[in-house]
Amino acid sequence: MPSGSLEQLEGSAAVARTVAGCRPEVIAAYPISPQTHIVEGLSDLVRTGELAPCEYLMVESEFAAMSACIGASATGARAYTATASQGLLYMAEALYNASGLGLPIVMTLANRAIGAPINIWNDHSDSMSQRDSGWVQLYAETNQEAADLHVQAFRLAEEISLPVMVCMDGFILTHAYEEVDVPRPEQVDEFLPAFAPRQVLDPDDPVTIGAMVGPEAFTEVKYLMHAKQMQALDLIPRIAAEFAETFDREAGGLVRGYRADDAETIVVALGSVLGTIEDVVDELRADGVSIGALGVKCFRPYPLEEVREALGGAERVVVLEKAFAVGAGGIVGQNVRLALAGLPVTVYDVVAGLGGRPITAKSLAGLLGDVLSDRLDPRPLHFLDLDRELVERELERQHAGGRPGPHAENMLRDLGIVAARSH
Amino acid sequence: MFAVRIHGRGGQGVVTAAELLSVAAFMEGRHAQAFPTFGSERSGAPVVSFCRFDDRPIRAREPIAEPDALLVQDPTLLHQVDLFAGLGADGYVLINTTRSLEALGISELADRLRAERLLTVPASELAREHVGRPLPNAALLGGFSALTGLLSIGSVAEAIRQRFGARVGEQNVAAAEAAFAHVEAQLREPSRA
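Chains A and B, in that order, are what the protein sequence lines are.
Sequential numbering from 19 applies to the first sequence in our numbering.
Sequential numbering from 316 applies to the second sequence in our numbering.
The hints are simulated quantities; they were obtained by calculation from the structure and are not laboratory data.
All residues carry an ideal CB built from backbone N, CA and C; glycine is no exception.
Check the hints yourself; a few may be wrong.
Unchecked claim - Where chain A lies over chain B, by a calculated footprint (3+ residues, C-beta under 8 Å):
1. 329–339
2. 365–375
Claimed, not checked - Below, a sample of chain B positions facing chain A; criterion: calculated Cβ distance under 10 Å:
3. 342
4. 378
5. 380
6. 464
Said to hold, decoys possible - Derived pair list, reagent style SDA-like, types lysine to any residue, alpha-carbon separation capped at 25 Å:
7. A:380 x B:404
8. A:246 x A:177
9. A:380 x B:383
10. A:380 x B:357
11. A:380 x B:378
12. A:380 x B:370
13. A:380 x B:416
14. A:380 x B:375
15. A:246 x A:111
16. A:380 x B:500
17. A:380 x B:479
18. A:380 x B:381
19. A:380 x B:403
20. A:380 x B:369
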C-alpha cells in the first residue's frame with residue numbers, strides 16, 4: 019500500500035523537484051524531447067523563487083549548456099543540466115572537457131534514440147555513444163530511483179570531482195505518472211554537504227584551469243582520470259548505503275540481482291525494462307525455471323568484478339540492451355563477456371526496444387523460451403521482434419539495381435505509414 | 316491489476332485523463348501508473364493513453380494490449396483505429412456520444428460484450444454545459460467510476476480538483492458527477508440490470 023510522503027506525479031516533475039532540493043546554483047539547459055518537462059519544471063521553480071539562489075540560463079544550444087556548466091562549476095557553483103539524444107551529441111566536445119577537467123557537473127539524460135532516421139522515442143543509443151566520455155553513468159529503473167540517483171549523483175560528483183550522468187528512459191519514465199517519495203530538501207541537506215570545490219576560479223587567488231599538456235604528462239593526467247573512475251567503484255556502493263540509511267530505501271549501487279543467486283539463466287539489462295524482466299522471471303520461476311535478472315545500475319565506471327561475481331555461477335546469460343555498436347554487436351554484451359572471460363558461461367546478445375519499440379513480456383518470454391530450449395544461436399547479434407519481411411523487401415529493392423531510393427522512406431511506404439508517391 | 320486504455324484526439328485531454336485516473340486510484344491506496352503514447356500529439360490526431368492500477372507495485376511498462384476497460388473520447392475514431400483490439404468479453408467500454416450503438420455501427424461489438432459493461436455518455440455535451448468547452452475527459456472519468464465501481468466518484472472529483480484548481484476544477488467535477496449520474500441511470504434500466 020502506498021504510504022508516507024508518496025505522491026502520484028510525473029517522473030519529470032519528481033526529478034525537477036529533487037534536483038531543486040539539491041540546491042544547484044546554476045542550471046543551463048536547452049529543451050529537447052523527452053527532457054523538456056524536467057527543465058521546464060526547474061525553470062518554474064527558479065522563476066517563483068522556490069529554488070534560490072539559482073541562475074537559470076536558457077542557452078542557445080546544448081553545446082552552450084555544457085559550456086556554461088563548465089564555467090559555473092569552475093567558479094565553485096553547483097551546476098546542473100539535462101538533455102537527450104542529438105542534444106547530447108551536440109554537447110560531445112564539452113562533455114570531454116567537463117570530465118577531463120574533473121568538474122562535478124550533474125546531468126539528467128532522458129534517454130532517446132539517435133537519428134538518422136530521426137526518432138524521438140526511447141532507447142539507449144545516446145548515453146551509450148558517450149559511455150567513454152569520462153562521465154559516470156547511472157541508470158534508473160523507476161522514477162523513484164531516478165529521483166534518488168540525482169541526490170547520490172551530486173554527492174558522488176563532488177566527493178570525487180567527476181561529472182555524473184543520470185540516465186532515465188525517455189517517455190517511459192520521464193512522462194509516466196507513478197508514485198514517488200520526492201526526497202525532502204532537509205533530508206537532502208543532511209546527506210549532501212555544501213559543495214567544496216577542489217579547484218576554483220577565484221579572482222583573489224587566481225589560477226588557470228585547462229592547461230595545454232604535451233606528451234610529457236598527458237598520459238599521466240589521463241591515467242588519473244581512469245584511477246578516479248576506478249575509485250568511484252568503491253565510492254558508489256558506500257554512497258548508496260548511506261543513502262539507504264538516511265532515506266530508508268534502496269537506490270543505486272553498482273549492480274542489483276533479482277532472484278539471481280542460484281539462477282542457471284540470468285537476464286542482464288539497464289534501466290526501466292528491468293521491471294518487465296522481473297515480471298517474466300517470476301512467471302518462469304513459477305513454472306520451475308531457474309532464472310533471475312541482473313540490473314547494471316552503474317555502467318561507467320564498469321563494475322567488472324561485481325558483474326563477474328553476479329553472473330559467474332550461471333550457465334546462460336542473456337544481455338538485453340537498447341543500443342548496439344553497428345558493425346560490431348552488443349555494447350553491454352561486450353562488457354559482460356569481458357567480465358566473464360575464462361568462465362564457461364554462454365552469453366546471448368539481444369537488442370531490443372530501439373527507437374521506442376515496446377519490449378513486451380510476451381516477446382521476452384518467447385525469447386527466453388528459445389534460449390532455454392537451445393533454439394537461439396549465441397554467436398550472432400539478435401534483434402527482438404525484428405520484422406524480417408520488411409527488411410527482406412527493402413534488400414530486394416536494393417539488389418534490383420537502378421535507384422531504389424532511401425531505406426527509411428521505402429520501408430515506411432511498405433508499412434502504409436506514408437503514402438505511395440503520387441507522381 | 317486493472318488496465319484502462321483511453322482513445323481520443325490530440326487536444327481532448329487524453330493524456331490528462333489517464334493521469335487523473337492514476338491519481339484517483341493512488342488516493343484510494345492503490346499503486347497506479349499512467350503514461351501516454353507519443354509522437355502524434357498534434358491537435359486532432361489519434362492519441363492513446365494508458366492507466367494501470369493494482370494492489371501490488373506495478374513493474375510492467377509496456378503499452379496495454381489487453382485492456383480491462385476502454386474509454387473512447389471521440390466516436391469518430393470507431394472506424395478509423397482498431398479501438399477494441401485486445402478487449403475481452405468481460406471488458407468495459409464507455410463511449411462519448413449522443414448516438415446509439417446501432418447508429419454508431421457497432422452492434423456487433425454489443426453482441427460480444429456484456430450489456431451492462433458497454434455504455435455511452437454524452438461527455439462533450441456535459442462538458443459544454445458545465446465547463447463551457449467540449450472537453451470530454453473529466454466527464455468520462457465520472458462515467459468510468461459509475462460503470463466499473465472500481466474508483467469512487469469522490470476520488471475522481473478530488474483528482475480533478477487538484478489538477479485544475481478552484482473554478483475550472485469545480486466545473487469539471489460537475490461534468491464528472493453529471494456523467495456519473497447518467498451512467499448510473501443507464502445501469503438501472505431493466506434491460507441492463
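Verification of the supplied hints:
no. : hint          : in the structure
1   : 329–339       : holds (count 4)
2   : 365–375       : holds (count 4)
3   : 342           : holds, 8 Å
4   : 378           : holds, 5 Å
5   : 380           : holds, 7 Å
6   : 464           : violated, 20 Å
7   : A:380 x B:404 : holds, 21 Å
8   : A:246 x A:177 : holds, 11 Å
9   : A:380 x B:383 : holds, 18 Å
10  : A:380 x B:357 : violated, 31 Å
11  : A:380 x B:378 : holds, 12 Å
12  : A:380 x B:370 : holds, 22 Å
13  : A:380 x B:416 : violated, 33 Å
14  : A:380 x B:375 : holds, 11 Å
15  : A:246 x A:111 : holds, 21 Å
16  : A:380 x B:500 : violated, 40 Å
17  : A:380 x B:479 : violated, 38 Å
18  : A:380 x B:381 : holds, 12 Å
19  : A:380 x B:403 : holds, 17 Å
20  : A:380 x B:369 : holds, 20 Å
Going through the hint list in order, the structure does not satisfy hints 6, 10, 13, 16 and 17.
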